[in-house]
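Q: In the numbering used here, the protein residues as written are 11 to 551.
One or more hints might be untrue.
As the list claims (entries may be wrong) - Pairs of lysine-lysine residues, derived as PhoX-like cross-links and limited to a Cα-Cα distance of at most 20 Å, are as follows: (1) 171 - 187; (2) 339 - 396; (3) 270 - 339.
What the hints assert, rightly or not - So the derived label-pair ranges between C-beta atoms look like this: (4) 79 - 403: 19 to 29 Å; (5) 346 - 481: 49 to 59 Å; (6) 540 - 410: 18 to 28 Å.
Hints listed in this document are in silico derivations from the structure and should not be mistaken for laboratory results. The model shown is predicted, which means the values in this text are computed figures rather than measured ones. For each residue, glycine too, the CB sits at the ideal point set by N, CA and C.
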Amino acid sequence: MTHLPPADRLATHSVENQPGPPPPPDLWGADVSLRAGVTAQGGDADALAAAAARFGSARARSDGEEARRDAPRLALFDRGGRRLDEVRFAPGYHALMQAGMEAGYAAVAWEGRPGGHVTHAAMVYLLSQVEPGVCCPLTMTYAGVPALEAEPELAAEWVPKLTARTYDPAIAPIHEKRAATLGMAMTEKQGGSDVRANTTRAERDGDLWRLTGHKWFCSAPMSDGFLTLAQTEAGLTCFLVPRWLEGARNAIRLQRLKDKLGNRANASAEIEYQGARAHRLGEEGQGVRTIIRMVHHTRLDTAMAPAGLMRAALTEALWWVEGRRTFQKRLIDQPLMRAVLADLALDWEGALAAGLRAARAFDGAGEGDRALARISVALAKYLSNKRAVPVIGEAMEVLGGMGYVEDTPLPMLYREAPLNGIWEGSGNVICLDILRTLAREPAAAEALEAEFDAARGAEPAFDRALAAHRERWPGLPPEAEARWFAESLGALFTASVLIRTAPEAVAAGYARTRLGAPRGLMPGAVAGLDETAILDRLAAG
11 MTHLPPADRL ATHSVENQPG PPPPPDLWGA DVSLRAGVTA QGGDADALAA AAARFGSARA
71 RSDGEEARRD APRLALFDRG GRRLDEVRFA PGYHALMQAG MEAGYAAVAW EGRPGGHVTH
131 AAMVYLLSQV EPGVCCPLTM TYAGVPALEA EPELAAEWVP KLTARTYDPA IAPIHEKRAA
191 TLGMAMTEKQ GGSDVRANTT RAERDGDLWR LTGHKWFCSA PMSDGFLTLA QTEAGLTCFL
251 VPRWLEGARN AIRLQRLKDK LGNRANASAE IEYQGARAHR LGEEGQGVRT IIRMVHHTRL
311 DTAMAPAGLM RAALTEALWW VEGRRTFQKR LIDQPLMRAV LADLALDWEG ALAAGLRAAR
371 AFDGAGEGDR ALARISVALA KYLSNKRAVP VIGEAMEVLG GMGYVEDTPL PMLYREAPLN
431 GIWEGSGNVI CLDILRTLAR EPAAAEALEA EFDAARGAEP AFDRALAAHR ERWPGLPPEA
491 EARWFAESLG ALFTASVLIR TAPEAVAAGY ARTRLGAPRG LMPGAVAGLD ETAILDRLAA
551 G
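Could you build all of it, start to finish, from the sequences and the hints given here?
A: Written out as structure tokens, the structure is:
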């Protein structure tokens, strides 16, 4: 079918020097850094190429726009006043949920094939570039699988539905569904991240329990079940709360939907348990120990998503500067613009590399792998999310006023940028977790040292920074220095991965500009980068 272009000769002027809308991106073929990182860390390239083709299609982009435009709506009652406690979504939301589930976003890590967590993490990166809102329920569905292992009977019923490569939004009990999704409801008003302050109560009801209390934040409230925390006589305990019962709706009452800054396609709610029926998960009084297995895996995704958001923003910026002219040159040929973009690209490269390396540790079976997974995912989550906001803000500025309007995805990406740094532990919580892990688990420090030793000798800036870090902190820092310590350790970890997996221009550029060399505070306030090599890698494909 012939496609007629829009009119560019208007009554008062001609439209010139305005790059048209970019074509649907080739999320796999045009991303040499992703392909190289997946190869280095052992992911499934064929599965990711197929997922990227679906996620990056024009249809998926349209579905994402629809999911954001027609935001989730709360339906508390039917016309006769009977309670529904439902959330209604646009068709585009359901289409993207189906695309993610069918690609294996929630399943591939648990199917027993090599590199499953790396492949999953790369899917997080890919889908975050299209519509980050659907990533939340998909991520929690993936992450709930290891937590359910605490109760084999529950796992036998739920895990096959959580890892089914299909999507079933039907309002029905778990045994009637082809597939299921899982959510989480932990935080309460008085405690926030301090979940031990929770006041929700649980009382025995035969083989089950009844939960009563309020949850300040429940993400994806149409999930088929929730992992939640409540107090028993033995202390804080983890429970699985099914959304739908046999022949009835569980007593989970939606109070309101959160009016969030971003993540608009995904619903988040305040809820009340009014005697909701629940299954105990794990031992009484050991709720944090049980649910932390889910949190640990959701943190992998919150460490990986900022890399995808940065990539999407830089893709838009690159398209603009390659098609826009100013001062008699293309923007991409202006020296200062090249310095800014190259500097921004290093943050994206670092976030991608660190996230994939952490995912490979999740795939490992040894104690060293498990220890590295615990510490590396916290470092990557902290550093990558702190960099996402300024990187996406600068990418918006590259487009000028065009980047500030909703005709481009930059406003959506900018609103999304702070989210993963808040979810599953904000910055201070993560930094304190890093100190706690290193204090309690000598294997975590040993695993990091092995990573650093594997990178030593290749880049003098890295070697100097590593020596300076060890001299500054021969042991753990005082709590007030936890952010400085975590930033230094996270940058060292990221540089060590890049030194082993990325071209010299990227690895050396990152090490020299992030590990103590003189530079300014702002993106682009650097000197000595191989801008051509870095930007060619960003634009490859």
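Q: Determine for every hint whether it applies to the structure shown.
A: Quick rundown of the hints versus the structure:
1. 171 - 187: Answer holds: residue 171 to residue 187 is near 8 Å, not above 20 Å.
2. 339 - 396: The given pair, whose Cα atoms are some 33 Å apart, is violated under the 20 Å limit.
3. 270 - 339: 41 Å, violated
4. 79 - 403: 19 to 29 Å: 24 Å, holds
5. 346 - 481: 49 to 59 Å: The hinted range 49 to 59 Å is violated for residue 346 and residue 481, with Cβ atoms some 36 Å apart.
6. 540 - 410: 18 to 28 Å: 27 Å Cβ-Cβ, so the 18 to 28 Å window holds.
Hint check: violations occur at hints 2, 3, 5; the rest are consistent with the structure.
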